[in-house]
Amino acid sequence: MADDYLERIGRLIRDARQHRGWTQAQLAEALGTSQSAVNRIERGNQNISLEMIARIGEALDSEIVSLGYAGPMHLRVVGGRRLSGAIDVKTSKNACVALLCASLLNKGRTTLRRVARIEEVYRLLEVLNSIGVRTRWINGGVDLEIVPPADLDMDAIDADAAVRTRSIIMFFGPLLHRMDRFKLPYAGGCDLGTRTIEPHMIALRRFGLEIAATEGQYHALVDRAVRPDRPIVLTERGDTVTENALLAAARHDGVTTIRNASSNYMVQDLCFFLEALGVQVEGIGTTTLTVHGVPTIDVDVDYSPSEDPVEAMSLVAAAVVTESELTVRRVPIEFLEIELAVLEEMGLDHDRSPEYVADNGRTRLVDLTVRPSKLEAPIDKIHPMPFPGLNIDNVPFFAAIAAVAQGKTLIHDWVYDNRAIYLTDLNRLGGRLQLLDPHRVLVEGPTRWRAAEMMCPPALRPAVVVLLAMMAADGTSVLRNVYVINRGYEDLAERLNSIGAQIEIFRDI
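Residue numbering for the sequence shown follows my numbering, beginning at 1 and increasing consecutively.
Hints were generated in silico from the structure; no laboratory data involved. Check each hint, because a few of them may be wrong.
[Stated by the list, open to error] If you anchor each label on the Cβ, the simulated ranges turn out as follows: (1) G361 to D180: 26 to 32 Å; (2) D380 to T235: 44 to 50 Å; (3) E337 to T214: 43 to 49 Å; (4) E337 to R134: 18 to 24 Å; (5) S353 to V478: 33 to 39 Å; (6) A150 to M454: 46 to 52 Å; (7) K107 to R352: 39 to 45 Å; (8) G500 to V478: 17 to 23 Å; (9) G475 to Q406: 50 to 56 Å; (10) D180 to T33: 45 to 51 Å; (11) M454 to G132: 38 to 44 Å.
Every residue, glycine too, gets a C-beta built ideally from N, C-alpha and C.
Work out the full structure: start from the sequences and follow the hints.
Right, dumping it as structure tokens:
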């Protein structure tokens, strides 16, 4: 190998180790080697075999190292096993990515507690690091510390990382306060069909931001003379467009009213965080938000995002599909009440603990115990609505749940162009799902699941639904290339194994 090639590999390994929050000594211990050997590898001063690269990738569980060397990650699932015991819900993926973007508002140090260790977060950290933001995992890799530079270097942005996450569009709100012109790569993320940023552009134009999309980039220009002189009415009640409007309003020197705002869980967590930064937000939990912005934010802030209701729904669905008794702890009940009401109608046997408060001091949590139940298809169709309706991201889990219920269930996923199509992948596992059009699926149950080997759907929630069905199917299934699951779930296979699943992570070398 050429010396410069070894140096590039060394930098990749160093960056992956730092993202995991490990020292060189910790990596050396995991590899059964010495700290000095790890130091030589990271400096490009030691020959390294493909086998060692693969071992490092496994130890760090990092696509940064494994891509192109050890290959993508796959799951081997031995199904037909009952789950048992209890499992805690992790912090919200969507809240964490919004708070990472919001940290750009602050000149001071931001500390986020129990941040989700997922690929979506890693990609945003790579973007932040590339433009000069210093980040480090602290307290054993549990919490994240973020320190911004005086000036951001947008010319150095990591475009490869940026295009792998749609969350990059939430840089618009904070960046318009920091510079008069900048460029961002096109947003990526799940393959869910056409998702326009026009609602974002309409809202942010009121703060003087004009965006032109050319040559794979968004070109942003800010006119400081333009200020919102009347309430901003969002043309869609979307989560990210509401967050972008909030981020723009937070440092606007004045009062901004946002109407038709999302009141979903990640928006509420962002509002709580903005209040910790000294920004007053009225109407949290409603569709009208009034933001009392402050032109300069320079505080050391410590914040704990709340738990993820979509992960909670994933775990409830895992128990239902595998006919298990399972306690799911730290469930943000306010954001799962409609789903539970539908499940009660279908016949779910469950109970819940008294409510208690999340670490952010605001979100209401319960512990939820689910028991094996004889389910009947609901009379009405399953369809999402903006909060407080059934959560858009929870709709796919009802495909797997409906598949084990007696009767036919109509699922209408009207928000995304392609996602309902991916639900028909359950037919490979014995399901009986009929695609009526790109948005509607008819599910007939009960299902006798069977094992299969298949590629992971390119959308996060349908991918997890396929994994849950594999857990219920007798025999051994293989789910290939599960990067999309790692985008939204931290150590999902290991955590499911802790409650009785049998899932093996492997790579083709």
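Between M454 and G132, is the Cβ distance one that fits in 38 to 44 Å? Once the Cβ atoms are compared, 42 Å apart, the range 38 to 44 Å for G132 and M454 holds.
Is it true that the C-beta distance of A150 to M454 lies inside 46 to 52 Å, as the hint says? holds (50 Å)
Honestly, do D180 and T33 meet the 45 to 51 Å range at C-beta? Given about 50 Å between the Cβ atoms, the range holds.
Cβ distance range 50 to 56 Å for G475 and Q406, holds or violated: Violated, at about 24 Å.
Using the beta carbons of G500 and V478, state whether their distance is inside 17 to 23 Å or not. holds (20 Å)
Taking the CB of D380 and the CB of T235, does the distance hold inside 44 to 50 Å? Check failed, 28 Å falls outside 44 to 50 Å.
In this structure, is the beta-carbon distance linking E337 and R134 contained in 18 to 24 Å? The hinted range 18 to 24 Å is violated for E337 and R134, with Cβ atoms some 40 Å apart.
Taking the CB of K107 and the CB of R352, does the distance hold inside 39 to 45 Å? Holds, since K107 and R352 (Cβ atoms, about 42 Å apart) stay within the stated range.
Can you let me know if the beta-carbon spacing of S353 and V478 is within 33 to 39 Å? At roughly 37 Å between Cβ atoms, V478 and S353 fall inside 33 to 39 Å, so the hint holds.
Pairwise beta carbon distance, G361 to D180, judged against the given window 26 to 32 Å: violated (38 Å)
Supplied distance hint 43 to 49 Å, evaluated on CB atoms of E337 and T214: holds (45 Å)
Checked against the numbered hints above, the structure violates hints 1, 2, 4 and 9; every other hint is satisfied.
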